[in-house]
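Just so you know, the sequences run in chain order V and F. Residue numbering for the first sequence follows my numbering, starting at 150 and increasing by one per position. Residue numbering for the second sequence follows my numbering, starting at 79 and increasing by one per position.
Please note: incorrect hints may appear among the correct ones.
Said to hold, decoys possible - In silico SDA-like pairs for lysine to any residue, Cα to Cα no more than 20 Å straight-line:
#, chain 1, residue 1, chain 2, residue 2
1, V, LYS414, V, GLN428
2, F, LYS218, V, ARG204
3, F, LYS218, V, ASP202
4, V, LYS414, F, ASN374
What the hints assert, rightly or not - Partner residues aside, some chain F positions facing chain V, computed with beta carbon under 8 Å:
#, residue
5, GLY96
6, LEU103
7, GLY110
These are computed hints drawn from the structure, not numbers from a lab. Glycine included, C-beta positions come from ideal geometry on N, C-alpha and C.
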Amino acid sequence: MSEKTPKSDGGVTQESIFGTDEEVERRRTPPAERARRAFDLYIATPFRVAWSDWRTRIGGIGVFLYLMMGTVGVWLVPAPQINEGPYYLDPFVDWSMPLGTDNLGRGVFKTLVHSTPAMMKMALAGIVFTVGVAVLVGMIAGYKGGVIDTLLMTLTDVFITLPGLPLIIVLAAIFSPEDPFIVGTIIAIDQWPRLARMLRSQVLALREEDFVEAARSIGLSTPTIVGQELVPKVAPFVLISAAGAAVGVIFQSVALYFIGVLPFKSLNWGVMMQLAYTQGNAISAPGRAGHWLLFPLLAISGVSFALILFSQGLDRVFNPRLLARHSKTVPEDEQEDTGGL
Amino acid sequence: MNYYIRRTVQAVVTFVVGMFLTFSLYRLVPGGPVEMIMAERVQRMQQRGNTVNTQKLHEMTEQLTGINPGKPIPVAFFEWLRDIVLYQDFGESILFQDPVFDILFRGMPWSIFLSVYGLLLGFTATIAVGVFMAWHEGTKIDSGLTVFILVMRSIPYYVAAIVMLSVLAFQWGLFPTGGRAPPAATPGFNLDFMIGITRHAALPIVSQFIVGFAGGAIGMRALSVRVVGADYLRSARLRGLGTNRILSRYLTRNSILPLYTGFMMGIAGMFSSSVITERIFQYHGAGWFLLEAAVNQDYPLVMAAFVFFSGITVLGILFADLTYGLIDPRAGTGGSRESF
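Use the sequences and the hints to build the structure in full.
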């Protein structure tokens, strides 16, 4: 305020409608301090909040372990080879084959590790497709309203109503996809409509807010308002749903590989289960090949448990009040009353 | 517009759009089913040493798929749709050498049997558990059940099917290991047959039930917790009403409304999971035929099964939509919004 000299008409010499104070403040702060604050606000504090909640802590460690398995693990663990051990070796007997072997003597553990990248690619493609289409359709429908809303929501309802898995099976039968990215995208056809509907209802509430009305009245275009004002508001919700979409894609893809609808050249968790079922008779005689079926199942359940826990806990990470309380750079008097949280 | 008319129109639109999607996949995709079938017929004709007659080729394709590749696209779509709606002519299965409609029509009642029971049991459990958790909100029971449900949700639905089939059917022999009815019993209204189909359906239904159960219970809990704090619930307690009456008439009935949409989505999801369940239990319903056809590239059966599933799902959702007015008298009074 010190740089502003009051004039006789009550105004100030310096125009300060939007954040000039902040600019002055920023000019005075040394870059090192600014970097430290940014780090604290955007990286350290969310991490601290995440760590303080047991769900994000356990879920986060789980997700991290799976990511490591798919990146570093592939590099550390040698690729499985035929006849590297006896056929149908039981798990926990020979520690060079910790989880036993399959019908061709390949180590189950090695196959599991080397299948992780394919699963990660499918999940990633699924997330990108689901979130991309849902944000586009849901946000525009919710914000624009009127005819566009009716059209887009009719389209969404059509996709909600059409039975998802049969549609995926039809697409798989026609296109016979092998690339994990394409498989993930096809499976995500089942996932986006729900997210689009939920996003639309969130935007319906947001579009009546003052800041949106202000943005509209100064003549900002629809893409700008949606992209810069609305998307950041729903981003946490989208991120949480993305974890859900990843779980859905992993479930469905494994199911489709398991029942043998999708063609395959390389192994993944679903293919392992299919081979254990058809060639090892793991369901009717679990004594011999049961472990070959069981460990991929555990891997899938583990990754989905980690993702679900993580996304449940993420709710808290995006709560601004909690962020302020755990932050070391936001001054005390700017913190709101955190109530009973 | 009237709520009921709007819903019916929407169901029709959904069905027609779904059909058009199927049709496009069928005929318009390069290398799609119709082209594949034609290429195969041409090859067969050439092997026999016959000359390829386009007219005859189109007729043969139309007999199999119900689509005449010689006609322009709008006409072909209209005729295909007309044949399906009026004459139930879905074409002919390559694998089973039978009209597709007969195959699916025989399998469908079994699929509906599984799905309806799985869905009803699942939703009853969802509502009961959700309300129970909300009633005990913040206690050990609540957090214990939450963890339990989180674990249940992270186990894929087919895992339950696989484990139960392996342990209960193959190891302990409590249930049959596959099929839909005992081969010895004569179909009809007799005790042997009825017990037989119940035993055959028990495991598929229970594994479907687990899918429906875990998904919604946490949502139901959240909805009920909101109602638990309402004034009319406190005054009901002050009036000295019994816990059971408050739970069933006041709490459940009011928190169930938003869940109804979830119920309708559940109808669509149920047929999806029944495809996998039927496969695992070798239960010869419509979903089993869909998979068998997909694996063997029997395109007429695959496409018809999809149309069939869409039709049943649209009808199910329309039914749920039309009865929604019965449980929520406010249905259809939603105001319209300003558009910008």
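- Query: Is it true that the CA of LYS414(V) sits at most 20 Å from the CA of GLN428(V)?
  - Reply: holds, 17 Å
- Query: Does ARG204(V) lie within 20 Å of LYS218(F) when you go C-alpha to C-alpha?
  - Reply: holds, 17 Å
- Message: Quick check on GLY96(F) please, does its C-beta sit within 8 Å of some C-beta on chain V?
- Response: The hint holds - GLY96(F) has a Cβ within 8 Å of chain V, the shortest such distance being about 5 Å.
- Query: Regarding the pair LYS414(V) and ASN374(F), is the alpha-carbon distance no greater than 20 Å?
  - Reply: The hint holds at about 18 Å.
- Under the criterion that the straight-line Cα-Cα distance not exceed 20 Å, is the pair LYS218(F), ASP202(V) satisfied? Measuring from Cα to Cα gives roughly 18 Å; hence the hint holds.
- Query: Regarding the hint that GLY110(F) lies at the interface with chain V, is the smallest CB-CB distance below 8 Å?
  - Reply: OK, holds: GLY110(F) within 8 Å of chain V, min 6 Å.
- Interface hint compliance - LEU103(F) to chain V, C-beta minimum distance less than 8 Å: holds, 6 Å
In the structure shown, no violation is registered for any of the earlier numbered hints.
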